[in-house]
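Trainee: The task is simple: from the sequences and hints, build the whole structure.
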Amino acid sequence: MGRRLADLFQGHPRLTVAALLAAPIGWLVIGYLGSLAVMLAASFWHLNELSGEVTQGFSLDNFDTIFSDEVYRTITFRTIGVAAAVTVTDAILAFPIAFYMAKLAKPRMQSVLVVAVLLPLWSSYLVKVGAWRLMLSEDGAINWALSPFGLHGPGYGTVAVWLVMSYIWLPYMIIPIYAGLQRIPDSLLSASEDLGAKPAKTFRKVIMPLTFPAIVAGSIFTFSLTLGDYITPANVGNKQFIGNVVYSNFVANLPLAAAITVIPIVVMVIYLLIARRFGAFEHV
Amino acid sequence: MSYANRHPARFAWLLVLAMVGVLAVAGCGGSSDSNSDEVTSIGQTEGALNLIAWAGYAEDGSTDKTVDWVTPFEKQTQCKVNTKTASTSDEMVKLMRTGQYDGVSASGDASVRLIEGGDVSPIDMSILSNYADINPSLKDQDYNSKDGQNYGMPHGWGANVLLYNKDAVQPAPDSWGSVFDPAMASKYSGKITAPDNPIYIADAAVYLEATQPDLGITDPYELDEDQFNAAVDLLKQQNKFIGEYWPDATKNISSYTNGDSVIGSSWQYQTSALQAAGENVDADLPKEGSTGWSDTWMLSSQAEHPNCMLEWMNWMGSPKVQAQVAEWFGEAPANLGACDLTSDPNHCDTYHAKDEKYYDQIAFWKTPISDCGDDRGSVCMTYDQWVQAWTEIKG
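From first to last, the protein sequence lines are chains A and B. This note's numbering numbers the first residue of the first sequence as 1 and each following residue consecutively. This note's numbering numbers the first residue of the second sequence as 1 and each following residue consecutively.
In case anyone wonders, no lab produced these hints; they're calculated from the structure. Cβ coordinates follow ideal geometry from the N, Cα and C atoms, glycine included. One should not assume that every hint holds.
[Unchecked claim] Using 30 Å as the maximum straight-line C-alpha spacing, the simulated DSSO-like pairs for lysine-lysine come out as follows:
| id | chain 1 | residue 1 | chain 2 | residue 2 |
| --- | --- | --- | --- | --- |
| 1 | A | Lys128 | B | Lys251 |
| 2 | B | Lys146 | B | Lys320 |
| 3 | A | Lys198 | A | Lys103 |
| 4 | B | Lys94 | A | Lys239 |
| 5 | B | Lys94 | B | Lys251 |
| 6 | A | Lys128 | B | Lys240 |
| 7 | B | Lys84 | B | Lys146 |
| 8 | A | Lys103 | A | Lys239 |
| 9 | B | Lys251 | A | Lys239 |
| 10 | B | Lys166 | A | Lys239 |
| 11 | B | Lys94 | B | Lys84 |
| 12 | A | Lys239 | B | Lys187 |
| 13 | B | Lys166 | B | Lys146 |
| 14 | B | Lys354 | A | Lys239 |
| 15 | B | Lys75 | B | Lys65 |
| 16 | B | Lys236 | B | Lys94 |
| 17 | B | Lys320 | B | Lys236 |
| 18 | B | Lys84 | B | Lys320 |
| 19 | B | Lys84 | B | Lys65 |
| 20 | A | Lys239 | B | Lys320 |
| 21 | B | Lys287 | B | Lys166 |
| 22 | A | Lys128 | B | Lys84 |
| 23 | B | Lys251 | B | Lys287 |
[To be verified] Facing chain B, from chain A, some residues (calculated, C-beta under 8 Å):
| id | residue |
| --- | --- |
| 24 | Leu47 |
| 25 | Glu53 |
| 26 | Thr55 |
| 27 | Asp139 |
| 28 | Gly155 |
| 29 | Asp186 |
| 30 | Phe212 |
| 31 | Lys239 |
| 32 | Gln240 |
Mentor: Right under this line is the structure:
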């Protein structure tokens with residue numbers, strides 16, 4: 001049986017490729033893109049007013065609601081704003097850590113640090129958000145630590161959402177930058193120094209241009225993950241994000257939820273197009 | 001070896017049940033005169049039961065070994081119970097419409113939708129022996145009956161009360177104005193809480209009904225456009241002072257424990273839990289009255305195991321189970337016979353189960369539909385409009 005199969009593929013490279021790729025491509029097209037297509041189709045459906053059941057048929061009602069209702073614009077800008085803030089924060093926090101890991105730490109320390117960075121990902125996301133909820137509460141650890149200085153923590157709200165998201169997605173920024181920095185040969189840095197460049201100039205002219213694609217790659221994670229999240233805002237925020245509106249509608253009004261989901265998709269497509277111009281997909 | 005040989009007792013039970021079922025069918029067959037859809041008898045049980053329930057409504061001992069009313073039911077009826085826990089009324093409606101479930105513990109904001117959509121079956125309640133002992137106030141209500149037909153067994157109820165921290169809120173509030181009137185609410189700015197649920201719009205309507213009689217609100221769930229907009233505006237104004245919209249009872253409790261919330265709409269359950277934990281809180285029913293929930297076990301019109309579901313309804317209506325579930329969940333039992341069986345003898349007093357004056361001040365949840373139910377006609381705002389407005393309120 002095995003022999004006959006082997007004979008079959010012998011001299012038929014196309015057949016070999018087809019057999020190899022059938023399963024993953026099938027999954028991609030049917031499971032992955034298929035569900036996306038169903039969702040996009042659902043965004044044009046609408047609810048029957050009397051029974052509240054979904055009626056299939058083309059209508060632009062949902063998009064009309066999203067564009068004409070100011071609240072959806074406010075929510076979209078709020079979400080994009082926080083996603084951008086989280087991305088910038090994570091980039092600023094991640095770079096020094098990644099630089100130390102890639103260029104300064106000894107190999108043993110390096111692996112310890114990689115584990116330390118990845119460690120939070122091993123615990124449940126919900127538990128981490130729950131822990132932050134406790135820390136941010138009125139009688140929580142943050143207010144306790146700040147009170148000797150006469151300060152008061154942010155409490156629950158958009159600032160808290162920004163803090164928690166920056167914490168949760170940080171590893172997704174550190175790892176790509178770390179990988180990007182590792183790929184820069186030390187000889188390049190020595191050459192820059194030999195040619196008389198001061199450390200600041202080496203950083204600006206050599207390290208930054210070479211790691212920028214990696215930062216952009218990391219930012220895709222932090223930005224898109226923040227854009228779609230609803231659990232953090234529900235736990236430590238008091239305002240809605242795109243994900244919350246999708247969540248609150250997906251049972252009561254699935255077509256509207258599907259239409260709202262189009263917003264982050266469009267935002268991400270634009271973001272990815274910009275990221276591609278910065279070379280984010282060339283080495284990663 | 002046959003089943004009868006291996007399990008003689010069980011087999012005998014099955015036989016008895018089967019005979020009772022046959023007799024019931026024969027006996028009741030002719031008496032169905034109202035509606036051909038109405039269920040008028042209980043037949044032989046089908047061996048399985050698929051439920052949709054609120055957390056804590058169908059406990060089988062897996063949460064707490066001593067809290068179990070599912071296992072004895074399974075022993076008695078041979079119906080193996082599978083429970084799907086739902087966390088919102090919207091989810092319950094959605095699940096019921098899949099047709100894969102036999103019944104649901106529907107709150108009023110789900111039950112009207114289910115009745116209107118034909119998702120549940122009317123039942124001749126006289127076939128359920130425990131129905132006779134159910135609190136008459138809970139029978140034949142808008143949320144569990146239509147056109148004189150009943151749609152299930154009342155489970156229990158609770159009011160939405162004004163819960164406050166006694167240290168932070170003085171004197172004790174007696175009006176919803178303390179969370180709605182800007183002059184009063186601004187005192188607790190950032191520490192006011194409200195349930196994260198579109199049906200909360202009705203709470204604003206209850207307040208407006210008392211404070212702005214010009215609007216002519218008679219039922220907080222039947223709001224025409226003007227009345228609805230007034231309620232939504234009130235809530236948008238309140239949004240400035242809200243610290244958090246609570247999504248579930250646990251978070252609501254932790255917000256009071258951690259000092260993030262000091263006043264807001266809550267349930268007796270949270271109040272009792274906080275008091276038991278030593279928190280200095282109290283709750284009352286404000287003078288404007290309040291909203292509340294009253295749940296009903298309903299039979300799916302597509303049920304695969306209707307007889308098991310009918311047996312379950314009757315089981316849930318029995319005094320003993322009523323006492324267990326009312327104490328476990330924290331609610332007023334529907335069967336007042338349960339009041340003598342609760343382990344805390346004051347349970348029914350705490351939850352005002354027998355207090356009719358209290359009950360009369362509560363407007364129980366029901367799904368808003370376009371038919372206003374009076375001479376205004378079909379101009380009322382529908383539930384999906386409530387949901388959209390809720391998004392706008394939260395901003």
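Trainee: Hints first: check each against the structure and report whether it holds.
Mentor: Here's how the hints hold up against the structure:
1. A:Lys128 <-> B:Lys251: holds (15 Å)
2. B:Lys146 <-> B:Lys320: With a Cα-Cα distance of about 29 Å, the restraint between B:Lys146 and B:Lys320 holds, given a limit of 30 Å.
3. A:Lys198 <-> A:Lys103: The hint holds at about 17 Å.
4. B:Lys94 <-> A:Lys239: holds (26 Å)
5. B:Lys94 <-> B:Lys251: It holds: about 25 Å lies between the C-alpha atoms, which stays within 30 Å.
6. A:Lys128 <-> B:Lys240: holds (28 Å)
7. B:Lys84 <-> B:Lys146: Since the Cα atoms of B:Lys84 and B:Lys146 sit roughly 27 Å apart, the hinted pair holds (cutoff 30 Å).
8. A:Lys103 <-> A:Lys239: violated (41 Å)
9. B:Lys251 <-> A:Lys239: Within the cut-off at roughly 16 Å; holds.
10. B:Lys166 <-> A:Lys239: holds (28 Å)
11. B:Lys94 <-> B:Lys84: Answer holds: B:Lys94 to B:Lys84 is near 12 Å, not above 30 Å.
12. A:Lys239 <-> B:Lys187: holds (21 Å)
13. B:Lys166 <-> B:Lys146: Violated, because 43 Å separates the two Cα atoms, which is more than 30 Å.
14. B:Lys354 <-> A:Lys239: violated (40 Å)
15. B:Lys75 <-> B:Lys65: holds (17 Å)
16. B:Lys236 <-> B:Lys94: Distance ~29 Å between B:Lys236 and B:Lys94 Cα, so the pair holds.
17. B:Lys320 <-> B:Lys236: The hint is violated at about 45 Å.
18. B:Lys84 <-> B:Lys320: holds (23 Å)
19. B:Lys84 <-> B:Lys65: holds (19 Å)
20. A:Lys239 <-> B:Lys320: violated (44 Å)
21. B:Lys287 <-> B:Lys166: With Cα atoms ~18 Å apart, B:Lys287 and B:Lys166 stay inside 30 Å; holds.
22. A:Lys128 <-> B:Lys84: holds (27 Å)
23. B:Lys251 <-> B:Lys287: With a Cα-Cα distance of about 27 Å, the restraint between B:Lys251 and B:Lys287 holds, given a limit of 30 Å.
24. Leu47: holds (6 Å)
25. Glu53: holds (7 Å)
26. Thr55: violated (12 Å)
27. Asp139: Constraint on A:Asp139 satisfied, holds at 5 Å.
28. Gly155: holds (7 Å)
29. Asp186: Hint on A:Asp186: violated, closest Cβ of chain B at ~50 Å, above 8 Å.
30. Phe212: violated (37 Å)
31. Lys239: holds (6 Å)
32. Gln240: At 5 Å from the nearest chain B Cβ, A:Gln240 passes the 8 Å test, so the hint holds.
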